Amino acid sequence: MSTTTTTARPAPTGLLTATLHSTRAELMRLRAWPAVWITLGAWLALSLMFGYLFTYLSYTSGDPGFADEGTTQAEQLARMLPDAVPDVFLQGMPMFGGALMMVLGALVAGNGYGWGTWKTLFSQGVRRGPAVIGSVTALTVIVVGTLVVTLGFDLGISLVITASESQDVVMPSFGSVAEAFGAGFLVLEMWAVLGFALGTVARGPALSVGLGLVWALVVENLLRGVGQLLGWVENLTEVLPGTSAGSLIGSIVGVESGDGTPGVLDTVPADRAAITVAVYIVLAMLLSLALVRRRDVT
Amino acid sequence: MDQNLDPVVTTEALTKRYGDRLAVDGVSMTVQRGEVYGFLGPNGAGKTTTLRMMLGLIRPTSGSATILGRPSDKPHGSTSVGALIEGPGFYPYLSGRGNLRVLARQRGFDETEVERVLERVDLVDRGEDRFKGYSLGMKQRLGVAAALMGNPELIILDEPTNGLDPAGMADMRALIVELARGGQTVLLSSHLLAEVQEICHRVGVINGGRLLRESTVADLRGGISLRVRATPEADALAVAMRLAGDDGVRRTDDGALLLSLSPDRAPDVVRALVTAGADVHEITAAERSLEEVFFEMTSSTTTAKEHVS
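Taken in order, these protein sequences are the chains called Y and H.
Going by my numbering, the final residue of the first sequence carries number 326, and the count climbs one at a time with no gaps.
Going by my numbering, the final residue of the second sequence carries number 537, and the count climbs one at a time with no gaps.
These are computed hints drawn from the structure, not numbers from a lab.
Predicted model, so just to flag it, every value in this text is computed and none were measured.
Heads up, some of the hints might be wrong.
Stated by the list, open to error - Pair by pair, the computed Cβ-Cβ distance ranges are:
{"id": "1", "chain 1": "H", "residue 1": "Glu347", "chain 2": "Y", "residue 2": "Val247", "range": "41 to 47 angstroms"}
{"id": "2", "chain 1": "H", "residue 1": "Tyr246", "chain 2": "Y", "residue 2": "Val247", "range": "50 to 56 angstroms"}
{"id": "3", "chain 1": "H", "residue 1": "Glu339", "chain 2": "Y", "residue 2": "Glu193", "range": "49 to 55 angstroms"}
{"id": "4", "chain 1": "Y", "residue 1": "Thr326", "chain 2": "H", "residue 2": "Lys360", "range": "18 to 24 angstroms"}
{"id": "5", "chain 1": "Y", "residue 1": "Gly42", "chain 2": "H", "residue 2": "Gly411", "range": "40 to 46 angstroms"}
Stated by the list, open to error - So, partial list: chain Y residues that the calculated Cβ filter (under 8 angstroms) puts toward chain H:
{"id": "6", "residue": "Arg52"}
{"id": "7", "residue": "Thr145"}
{"id": "8", "residue": "Phe150"}
{"id": "9", "residue": "Val188"}
{"id": "10", "residue": "Ser192"}
Beta carbons: idealized from backbone N, C-alpha and C, even for Gly.
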């Protein structure tokens with residue numbers, strides 16, 4: 029085996045090329061990681077279960093379902109038809125969709141510290157900036173893939189139901205699908221990148237996932253409760269990630285009076301919610317980037 | 229080493245402080261192109277911390293390090309350095325080959341490079357097994373394989389024989405020698421003195437965060453001396469000190485005397501001992517092992533006691 033060093037070496041790669049390399053490498057290793065498939069599988073299963081299965085069971089049994097109290101059979105059927113796909117697609121995102129994406133983001137960023145894989149990368153001269161951006165990009169690709177697959181499943185199932193119930197096929201308008209896809213992307217991407225930032229801050233997935241979930245599932249709900257009593261807390265909740273994401277989804281699927289889908293809100297107007305969510309995405313990326321570039325990796 | 233004026237690594241007063249503990253204290257060292265440099269010290273001496281600073285993994289509190297002409301806090305993003313620092317870090321759910329493929333993609337290498345380095349560390353047969361199931365020695369070899377990818381000019385290996393069995397250690401030593409023969413520079417940290425003595429051209433000895441000495445192995449061992457065992461010891465000692473001078477005699481742990489005299493003075497020594505009425509049990513030319521030198525340097529208090537005065 030030759031060990032000569034006279035072979036021509038590639039010049040140091042440009043930032044864009046390096047980022048592309050990192051993205052491809054991250055996708056390669058994430059694709060082979062069971063934890064990723066488990067998280068995404070959980071999302072798909074929950075989404076279909078709450079989106080279609082329970083509604084369908086309650087529809088066929090003729091009893092009002094637990095989540096559909098006071099709805100007629102016709103309304104239940106209408107909810108499962110293709111026309112309603114954008115709403116069904118979105119409704120699980122503010123709560124468990126976001127939580128699962130946060131878990132994913134924290135796993136992608138955090139596990140590398142315990143395993144020493146970031147150390148391995150950086151000690152071979154892989155630059156930190158491109159490596160982090162590549163990792164976030166790979167995460168984004170996974171988020172988009174998840175959205176596409178979910179939308180496909182939702183459409184497929186609703187078409188099957190349409191056929192089995194001999195209904196006319198009324199497809200959702202392209203505009204409403206695009207709008208739902210965009211909003212869904214913003215919300216899931218925000219939670220995923222927030223999870224990535226938390227995993228980076230904590231240098232591990234456990235603490236970051238734990239704290240992140242408590243925040244997303246408990247604290248923000250509590251704060252919204254307190255906000256009804258204290259004006260300044262209410263102002264604060266309006267810029268929090270969960271409230272903004274919930275409001276963005278709520279503006280599209282509509283918020284029922286009383287107990288609607290958990291996490292789906294109408295606290296903030298849609299455009300403001302979308303901007304807040306986008307700002308969180310950018311901030312979380314910048315925070316991760318700044319932290320990794322400056323810190324000691326051991 | 230005929231290219232001694234081409235440093236690959238230089239550090240200047242490299243210092244790292246954690247709280248009020250100085251992990252590395254003003255280390256200035258130089259690694260020349262094409263040599264195998266042994267970075268020698270007991271556990272916790274500051275070897276790994278120094279290497280981490282060289283590679284830009286951690287920031288020095290003060291001082292600087294330059295690798296291949298670039299300051300180490302400005303990551304090169306090139307392919308000219310390969311390193312294994314404090315144990316291999318890989319994805320446990322991927323195979324050994326899978327892990328290297330991911331690294332190859334990160335660094336823009338061809339997939340053939342993966343097979344080449346797997347072959348180099350003798351892991352081709354186990355390449356498809358998950359990293360999680362590897363033995364300590366296999367993990368270590370995979371770490372070395374990662375450092376070899378892309379034929380880097382400089383290879384930094386932090387205790388590469390950790391966890392290897394004797395055969396694995398011998399293979400690793402042979403590999404390092406071969407790399408140097410091919411023109412690559414190897415910086416190797418170790419607490420195994422025999423290893424360093426065998427394969428390194430130059431060594432830096434570090435203890436308590438300070439670089440105690442940097443020189444060739446031969447210089448460090450200080451040439452050949454005479455080893456004498458004679459009774460009664462007191463008489464032997466008196467004769468030895470008369471011939472070699474007060475500072476030229478050391479007493480070893482097993483009761484022998486080490487005289488800093490050239491071996492061709494042996495007959496003189498024997499004659500003098502016999503004349504003084506001492507019985508000579510053993511006289512031989514002895515070269516100090518690196519181990520002896522090392523312990524002398526790293527435990528200055530015991531050294532003082534060992535000197536017969």
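Earlier hints that do not hold, by number: Numbers 1, 2, 5, 9, 10 - these are the hints that the structure violates, sorted from lowest upward.
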